[in-house]
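S.K.: Line by line, the protein sequences give chains A and B.
Under the numbering used here, residues 4 to 280 are what the first sequence spells out, in order.
Under the numbering used here, residues 4 to 280 are what the second sequence spells out, in order.
Hints were generated in silico from the structure; no laboratory data involved.
Note that the structure is predicted; figures quoted are calculated from it, not measured.
All C-beta atoms in this analysis are idealised placements derived from N, C-alpha and C, irrespective of residue type, glycine included.
Accuracy of the hints is not assured; some may be wrong.
[As the list claims (entries may be wrong)] Here are some chain A residues pointing at chain B (derived, C-beta under 7 Å):
hint, residue
1, D93
2, A111
3, E135
4, V141
5, H142
6, A145
7, S150
8, V154
2 protein chains.
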Amino acid sequence: MDVQAWWAERLPRVERELDAVLPAAAEPPQTLHAAMRHLVFPGGKRLRPAFAMAAAEAVGAPARAALPAAVGVELVHAYSLIHDDLPCMDDDDERRGRPTVHVAFGEAVAVLAGDALQALAFQTVAAARPAESAARVVHALAAAAGSRALVGGQVDDLAFDPENRDTAHIESVHARKSGALIAVSVSGGARLAGADDALCERLHAFGLDVGVAFQIQDDVLDEGEDDACSLVRAIGREGAAARAEELLSRALARLEDLGSGAEPLRELARYAVRREK
Amino acid sequence: MDVQAWWAERLPRVERELDAVLPAAAEPPQTLHAAMRHLVFPGGKRLRPAFAMAAAEAVGAPARAALPAAVGVELVHAYSLIHDDLPCMDDDDERRGRPTVHVAFGEAVAVLAGDALQALAFQTVAAARPAESAARVVHALAAAAGSRALVGGQVDDLAFDPENRDTAHIESVHARKSGALIAVSVSGGARLAGADDALCERLHAFGLDVGVAFQIQDDVLDEGEDDACSLVRAIGREGAAARAEELLSRALARLEDLGSGAEPLRELARYAVRREK
């Protein structure tokens, strides 16, 4: 199947929803709202929303059922990029060819824009129906964004010793910093689409494997030169690429009993892990 | 009634719950978890948890019904203090007689500890039951923490022109920066205790007035010298104190039909607005 065409049909719905939940840049405080939008539009690959919507279809619902999860995860991702770019963290001046938020709006507004995007993520998910599913997805998203996942992974990434070749620790950083949010995209999208607990857990495990493999591929494409915490640096390019393929296979095996409705989800996983840029 | 004695009986439950939801300082990443705890223990007045638990009793439920709201709001409050203290914001080295989080743990960890505390707040509230109420309180807490309330208030406070004497704008900053979280303490506590929509809205309005009056009293006690955005600076100490009393009266009038179970809530409001330190 042509996953690019599949996504091109569904992406506009996500863009409209992101635009609808974000306050207008003209609404005061204008500098804050402009800063919040600066990182969200134009977006990157929108990989997390795509996973959420593909998961809804994989469990037999229309993609739009996953919209609150798709938008919530993307907003958490956006906030984390703003904070990661800060001078006290990675100190990046540019992202996607544009000035980072702290360069364009100042450091205080960048911290606060990230803070407000995180709150908005939970507000968006909490408005989903039924409320039972909304509360479950808020809980899962908060866990994925918290000290035991996203934030803890960033702390360990910042403190990573480049001489460390402990592949389990490297994969643990990837699982927390990248895997957890992709996992909750998939399981949260499925949850809002009505999937039961067992299926949500299975899809969560799928997303976690794909997320780690995605991050390994990131390192493979960078040839591991930029990041200290990189499987390429630890075991070489070939070994890292093989490990990513292994994780992809394990992930896909978890979807074996799902029918053709899961094909976009499978194709997205293949794209995420095998992409060339 | 003796509200101090009332609170002394209930406070340990809040302390235990905060301790239970926060990862141990010994859990890796230890620096992150120690930093998260640094601001939470020892706490300040725990005014927001007290309001949440008093609201539960005001609507006829045991105080413990409000625990997830009490803890969730306190964690948002804690995260906001860590970020407000950062060098790029208020640049404070000390809080409550101890080094601020960025002084003790570094700036990156301070940003991340705040981020993780915000996520933990929503995770805690999302675990409340019934799920319908949990989702409503997550939504209200996220709105109170977002760009239209807490974060927007902080942006306007940082940008406040000390020559500005616009009392409506000053009160709008107070309402967003202080009032919104106190309002959601009260309405969220009542919501988890089973109060209906109309009563929750009324209690929210009560909390908003009390929160603004609390912040005005803060300025009165500081004699308005520290903060640019201060009603004392705009209209003088006497006028500001009178305005705080006016807001307190308006707030208390909203509770007139509630019985003696609302007495702790009334007394907390009087304490918050009339305290001498």
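S.K.: Among the hints numbered above, which are violated by the structure, and what are their numbers in rising order?
M.R.: 1
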